[in-house]
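Turn these sequences into a full structure, and let the hints steer you where they fit.
Just so you know, the sequences run in chain order A and B. Residue numbers for the first sequence follow this note's numbering, beginning at 8 and rising by one. Residue numbers for the second sequence follow this note's numbering, beginning at 185 and rising by one.
Calculated from the structure, these hints are not laboratory results. Treat each hint with caution, since some may be false.
[Claimed, not checked] Short, incomplete list of chain A residues facing chain B, as computed with Cβ under 7 Å: (1) Pro35; (2) Leu36; (3) Arg38; (4) Pro108; (5) Gly135; (6) Ala137; (7) Asp147; (8) Asp148; (9) Asp149; (10) Asp244; (11) Ala245; (12) Val246; (13) Gly291.
The beta-carbon is built from N, C-alpha and C at its ideal position, and this holds for glycine as well.
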Amino acid sequence: MNKGRIDEETGVETTGHSWDGIEELNNPLPRWWLWTLYATIVWAIGYTIAYPAWPMISGATTGLLGFSTRAQVAEQITEHEAKNAQLVTDLLNADLAAISPTDDLHRYAVARGGSVFAAQCSQCHGSGAAGATGYPNLLDDDWLWGGDVESISYTVNHGIRNETDGDTRWSEMPAYGEIFTSAEIDAVVEHVVSLSSDDYDSALAEEGSVLFADNCAACHGDEGLGDRDVGAPNIADAVWLYGGDRDALHETVHNARFGVMPAMGQRLADEDVRAVALYVHGLGGGE
Amino acid sequence: MSEPALYAAREPIFPRRVTGVFRRLKWWILGVTLTIYYLTPWLRWDRGPNLPDQAVLVDMANRRFYFFWIEIWPHEFYFVAGLLIMAGLGLFLFTSALGRVWCGYTCPQTVWTDLFILVERWIEGDRNARVRLHRAKWDFKKWRLRITKWVVWLLIAVATGGAWVFYFTDAPTLLVDLFLFQAHPAAYITIAILTATTFVFGGFMREQICIYMCPWPRIQAAMMDPDTITVAYREWRGEPRGKGNVRKRDRAAAEKAAAQAQAAGPGQARYAATPYPNKALQVGGAPKLAAAEHEHGDCIDCMACVNVCPMGIDIRDGQQMECITCALCIDACDDVMAKIGKPRGLIDYMALSDEAAERAGGAPKSIWRHILRPRTILYTAMWGLLGLGLVYALFIRSDIELTVSPERNPTYVVQSDGAVRNIYDVRLRNKSGDDRLFHISLTSDATLRIDLEGNDDDLAVTVPADTTILQRVYVTARPQDPAATERETPLRIWVEDLETGARASRDTTFNGRR
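What follows is the structure, encoded as structure tokens:
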């Protein structure tokens, strides 16, 4: 070992380390660089004391500063709620139908309602509110129980055919499978098809129209336009909740349908019910 | 048998005062750049009552960037990206043409270090006084001078950190808030960090930043080539170097040798007369002037170039990673050459490709022939094209804008009468300082009807000043129209401000029931 030899080529001192004759030049690092390394070590130790760091068997050390992102979020939520308190009060007291769409209150309610919808309604009605078979599309202009904002708010609040809420929307179509023969059902279905289509068997529809007038028109109306007071669907239009082809209609007449919606008023705050009603009303079908 | 030290302490550097062309240029650049930095936030620019009146403002909270008459919204960030690319290309250009000219003249590290050294010189004196003070014991005088210097540095550092935060909010308001301790903590933290970095980097780290922390010197090496103009020492002219007394001694020896050689006869004369059989003398063939005076080069080894160097290097050792090409050694050497009656430029800006020609006694190529080469022309062209593109983009901007995003969930809605409706989320931007009434309309080859959510009367929406609003737009095809059943129908949505005639449009598609 030849410690501290000066290399002739470069004029630089060697470290004295030699591997098969290959020597290492000693180009020393600046000393402050070493100090920054020590400083980062000290910082790291301090950091693990001040902040949550060391994993334990259940949980981790909490740190002297008590820092917690969870607590920060909670704090921010509280802050936001305080900031929005006035808007919430206004929303609770406002006449929903009278709020202008350009109003800040309306914007706030729609934004809030959108979150409520995503969390509470989208499971059945879809994230885009387009519904599915058996779950109404909220974007179109066909409403079972009314499409003005007060009606929507009522429906959200009390639900549909919900036995836990005395004020719920309630209607019940008889299952005609127990009353009609299958042929009679086919005739009624053909009449219903004739209400919204040109492609039907007129003799069969004629036969069904008598049965319709005696059994169905009381709720659905002579023209099949429905009745929102009893939640009877308009069966003369292009929108079908359970499908509009003959098989689906046969099944509907035979078994009847009994769609249920929770009374959201039981689980949501009043302002959330009102906000989501305004949101749904603004999706395109609102009246 | 001790191990060699793996860590080295910083060698203190005491740059001597220097005067000359480049020093003057650097003072000017220092003054101009620092003035721009410190004063820009205080310039005012009237934009009307709804917008801030600060000429240059990065308004993070409201997501706006104001630059005099230009206002940049977040979606126009490509302007900033374009400027950054231009800055990059500009650096390529300047580095390939003029070497590390950025490092030597305009880099903040250089500018602030220059300023700090200036302060140091005012308080502690020039190089020799500073060396003495450095070696002196820590008595009252040393403490007094050091503390005075540190305080002035700290004031500059605070002003530097302070100026930075003014770019991000209204400067006069923030200044008052800062003194009343009502400003946002982020302002104080930013000032504290920038004060600390300015103080430490400018006062104590100096060349260490350039040598060990900055990546730029490494990148620049790849951008320089033999035609790049850089600071270099004309070794073939300067060597062999020698101080006056050495010269006198050598001259006497040479004359003596010449006399002996003459006595001995011709032939070996030249070598015998050469105390330094130096390669510099051999390259150019026989020296044109054959007197002992010229056996020595022009360098009198006065160390002026070393003493003024803020990086603590000797430029005569050749190109070095540490050299920031500040050109102060040129000034120092020119000064000495003038005093000893030699031409200037022993240390000078030059292209390394001229070395062979100069060694042969020829003249260097002109500066422009070095600078104008395919590479620099390409950089200039790219830089210029990008700049023109940005200016063009700036002028075709409308202060009305819209974006259209068709609702995909669902792609269409069937209405009770069988009509097919599509929903579009339209964002309307009013970039002007006044509220405006936007009229929305539609053009398409197909028969389509347009409606706005929450607006039954007219197809117009008021968009407040400097705001974006989201408007839900419905487009409907009647059941018998082809668009209702066709897969896709193209259409264009327009917004127009009837007052000013400004308008904008976006193309989108209408999805039928298929």
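(request) Return the numbers of the hints above that this structure violates; sort them in rising order. (result) Per hint list: zero violations.
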